[in-house]
Amino acid sequence: MKKIFSPRNRGYLFANAFSITAIGFSAWIINTWNHEGPNGTFIFSEFIIIPFVMGMISSWFWQKENISSRQLINRSILNGIITIVLSAMFLGEGIVCLIIVSPLLIICISAGAFAGRSMFKEDNSTLNSSIFAALFLVFITDSISEHHYQNMVSDQLVINATPDKIWKNVVAFEHIKEENKYWLFKVGMPSPVQSTVTGYHVGAGRKCIFSNGYVFDEKIVTYDENENLTFDVTHQPRDPEIMGHIDILRGQFILKDNGDGTTTLTGNSWYKLYVFPTWYYDIWAKSITRNVHWRVMEHIKELSEAK
Amino acid sequence: MFWFVVRYLGFLKHIPGLGFVFDSWLKISTLLTNPLLLDLIDEIEHDVIRWEGVTITLHKYGGIQFNYKGREIGHIHGNGLLDMLLNRQLKQQLMSDGKIQDHHVFKNTGWISFYIKTTADKKYALELLKLGYQLRRRSFTPGSDHQSALPTVIAVLA
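Listed in order, the protein sequences are those of chains A and B. Going letter by letter, the first sequence gives residues 365 to 671 in this note's numbering. Going letter by letter, the second sequence gives residues 264 to 421 in this note's numbering.
Chain B extracted, bound-state conformation (with noise of 0.2 Å):
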């Protein structure tokens, strides 16, 4: 239903107000259709929050979003898909061991998706985070290059 609406309903998405209305369905649904789900999108949340200077707003689009001085990490729908924008060396790299998926509607881009189902998806999603939240960090920092800190992140979620 989720890939129903994205693909046939969502240029609905930008009537204001109707994505909240929507991912509260995805939500309804989660709490019928696997409950522990809500519980691991919550602890997400308390861990990121707790990243120096990340804070937690509502995607345009349905869904708690991340941020790292005012710049998207990346944002969780009622569903657990994890969209986040990497960059598509990075994204080429974690592809390869097929626990990501190319973004539900932006393809060929540096977004990526990850579907959160269990607690070992729910730490695989912290860590894609964490990396997320690393780039934004490292883009802040005067004089960084960003890719070299790659093959390290790598390492860690490979």
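Isolated chain A, as found in the complex (with noise of 0.2 Å):
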């Protein structure tokens, strides 16, 4: 039993059961104050401070141990999986959202651990309460503050064809068979495989269908046909994988004939994200979004190309 309650696991253990308790608290209070998203949003505090703090603790239990800085980074790393872990298990969050998280949440873990071994070994309790007090001040407001973030992701690409070739391609195209060269695809992110319509006018219909059968729901609001095709995400599954964090509110397609036989073809997104801070996470949803738009846009091209 002294070997389970050892500090070393005291550490990890108390760590992660204020990450549970903060996490919850949290949540009680986004949700009381500004419930905006499908899943609730996850914010800034929840990916900084709690494992800011979650490291602190572990180095309050750790700092009678004298133990090395390779030492206390690799305990951090383990404590980082530990939280991982039971964000799956607790929170249903899917193995692509746990790839994103993890480097941020044991950077902070880290971070925490390192300034809790100086703070400890200061002993000076008035300081270290002053620094937990303005952390949970931090916290607190960031919680009961409201958290709106769009966003818009443009990419480019030329075709080998004349935009009346391409339109059809661009409203409607057939299952798309070429491997994923995107590594978050590759490791089970959904990706577009095809696209249908109910019709070819503004108000039809249009359906993205998703490498693991996920539908989005689309509707039709610009058809200016051979130049401008904008659709409105109307519905769109609810995964762990992503979808729940990042809502996809609109896309654009743009045809500019360059008067040499190519054309310009311009794929727009628009969207709103649930996860803070954004600084962090707006670094993966573009990178998402411009390989969904490269996906697509590079298989109009091989369609539009074709003899």
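Just so you know, not all the hints are guaranteed correct.
Claimed, not checked - The following label-pair restraints were derived from C-beta to C-beta distances:
| # | chain 1 | residue 1 | chain 2 | residue 2 | range |
| --- | --- | --- | --- | --- | --- |
| 1 | B | Pro279 | A | Asn524 | 41 to 47 Å |
| 2 | A | Lys620 | B | Ile278 | 39 to 45 Å |
| 3 | A | Lys650 | B | Pro298 | 29 to 35 Å |
| 4 | A | Trp397 | B | Met358 | 55 to 61 Å |
| 5 | B | Val269 | A | Val551 | 30 to 36 Å |
| 6 | A | Val585 | B | Pro279 | 42 to 48 Å |
| 7 | B | Arg334 | A | Asn488 | 17 to 23 Å |
| 8 | A | Leu455 | B | Leu272 | 26 to 32 Å |
| 9 | B | Leu272 | A | Val551 | 25 to 31 Å |
| 10 | B | Pro279 | A | Leu377 | 48 to 54 Å |
| 11 | B | Asn350 | A | Val449 | 52 to 58 Å |
| 12 | B | Pro279 | A | Tyr564 | 53 to 59 Å |
| 13 | B | Leu272 | A | Asn395 | 33 to 39 Å |
Hints are computed from structural coordinates only; laboratory data are not their basis. Just so you know, these numbers come straight off a predicted model, no measurement behind them. Ideal Cβ positions, reconstructed from N, Cα and C, are used throughout, including at glycine.
Join the two chains, each given in its own frame, into one complex according to the hints.
Right, here's the structure in full:
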């Protein structure tokens, strides 16, 4: 029993017990004050402040062991892995979400562990209490604040065909057989495979089908033949892999005749994020959206350039 | 990557805590690329803390900071970069042997930078820190002229 509750294990145990409690508390505050996301919003504090304090808590239990920096980082990584496994169990997060969140989580736990080690060496309880109080204040303020973030990603591709040859492939396209190149698609993130329409006019329904069978229902809002196809996403699946943390709001294809037998195809997507901080998650959101664009646009290019 | 962040994202260092997070990332990268360096930094910390009047705190932009009576001697980032404030004359003399560099941000000042990578570098870093320590000590001694000690110290380092 003594071995199970050794200072080392208590460092992991109490840090993770704290994280579960704090995330539950934060979710309760967010849902009480401002329910925004389909699965709730995950805020800055849950990915920065909580892991940072987790690292500090662990350091408090490990302070008498006099461990090296190398050991402290290794333990922080293990602490992060435990948290990730718990997130998969309690929050039902998918593998891709966990891959995305893990660097941020481990870095913040490690930062907290080093900060804690330095703080507890000083043994200045007034300073230490002030730091914890300041972090708690940031946590509460962040939890009750409104969180709203939208962005747009744009990509361009030149196709060796005229707009009239490309247009039908833009509106709807057959199954993509090309193997996925993007590493997140390879590890299980759904990728687009097919698009269908109910008609070739404004108001027609469009479906974008993904590799795992999920369907995004869309409605065409602009239909300027050979020039502009814009559609709003009316319904999207709730999947533990990303979806639920990001909503695709609108998609658009713009065709520009270059006058030399080629066309510049522009793909635009508007999305809303439910995970913060955006300086971290927007990098991933852009990367994923870009790769969805590229997969579809390269398929359109291939179909349009085929003799 | 360190230089990219310092050069283009350096303004973010003023966000409280972000420096610690960045330094933590540096340490994890170091663990993956040169784990021995983490031990060398620990050994430096272990040696310097024994010097009379020295305290160790977290540097405000990440890393460990060595102080003498509340005045900074120098700090080491998670990638083994030692930054120290000497003076221009001393810096000029030390730079001539090519081991130290201009500080990675504060050019044309008394600040220097030195990359710790090997056990030999650790030894040199300790000598540099000792030099900074002696300068701080002398500045706290009434009536002392710390410039007068420089030739001896430089001779030791050379």
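Now for the hints, and whether the structure bears them out:
Restraint check, proline 279 of chain B to asparagine 524 of chain A: a C-beta distance of roughly 53 Å breaks the suggested window 41 to 47 Å. The hinted window of 39 to 45 Å between lysine 620 of chain A and isoleucine 278 of chain B holds, with their beta carbons roughly 41 Å apart. For lysine 650 of chain A and proline 298 of chain B, the Cβ-Cβ distance of about 33 Å falls inside the hinted range of 29 to 35 Å, so the restraint holds. Against the hinted window of 55 to 61 Å, the Cβ-Cβ separation of tryptophan 397 of chain A and methionine 358 of chain B comes to about 57 Å, which satisfies the hint.
Checked against the given bound of 30 to 36 Å, the beta carbons of valine 269 of chain B and valine 551 of chain A, roughly 32 Å apart, stay inside it. For valine 585 of chain A and proline 279 of chain B, the hinted distance range of 42 to 48 Å is satisfied, since their beta carbons lie about 44 Å from each other. Under the hint 17 to 23 Å, the C-beta atoms of arginine 334 of chain B and asparagine 488 of chain A, about 18 Å apart, fit the expected range. Take leucine 455 of chain A and leucine 272 of chain B: their Cβ atoms lie about 31 Å apart, and the range 26 to 32 Å holds.
The hinted range of 25 to 31 Å is satisfied by leucine 272 of chain B and valine 551 of chain A, whose Cβ atoms lie roughly 28 Å apart. Under the hint 48 to 54 Å, the C-beta atoms of proline 279 of chain B and leucine 377 of chain A, about 29 Å apart, miss the expected range. Checked against the hint of 52 to 58 Å, the C-beta distance between asparagine 350 of chain B and valine 449 of chain A comes to roughly 53 Å, which is consistent with it. Under the hint 53 to 59 Å, the C-beta atoms of proline 279 of chain B and tyrosine 564 of chain A, about 56 Å apart, fit the expected range.
Between leucine 272 of chain B and asparagine 395 of chain A, the C-beta spacing of about 34 Å keeps the proposed range 33 to 39 Å intact.
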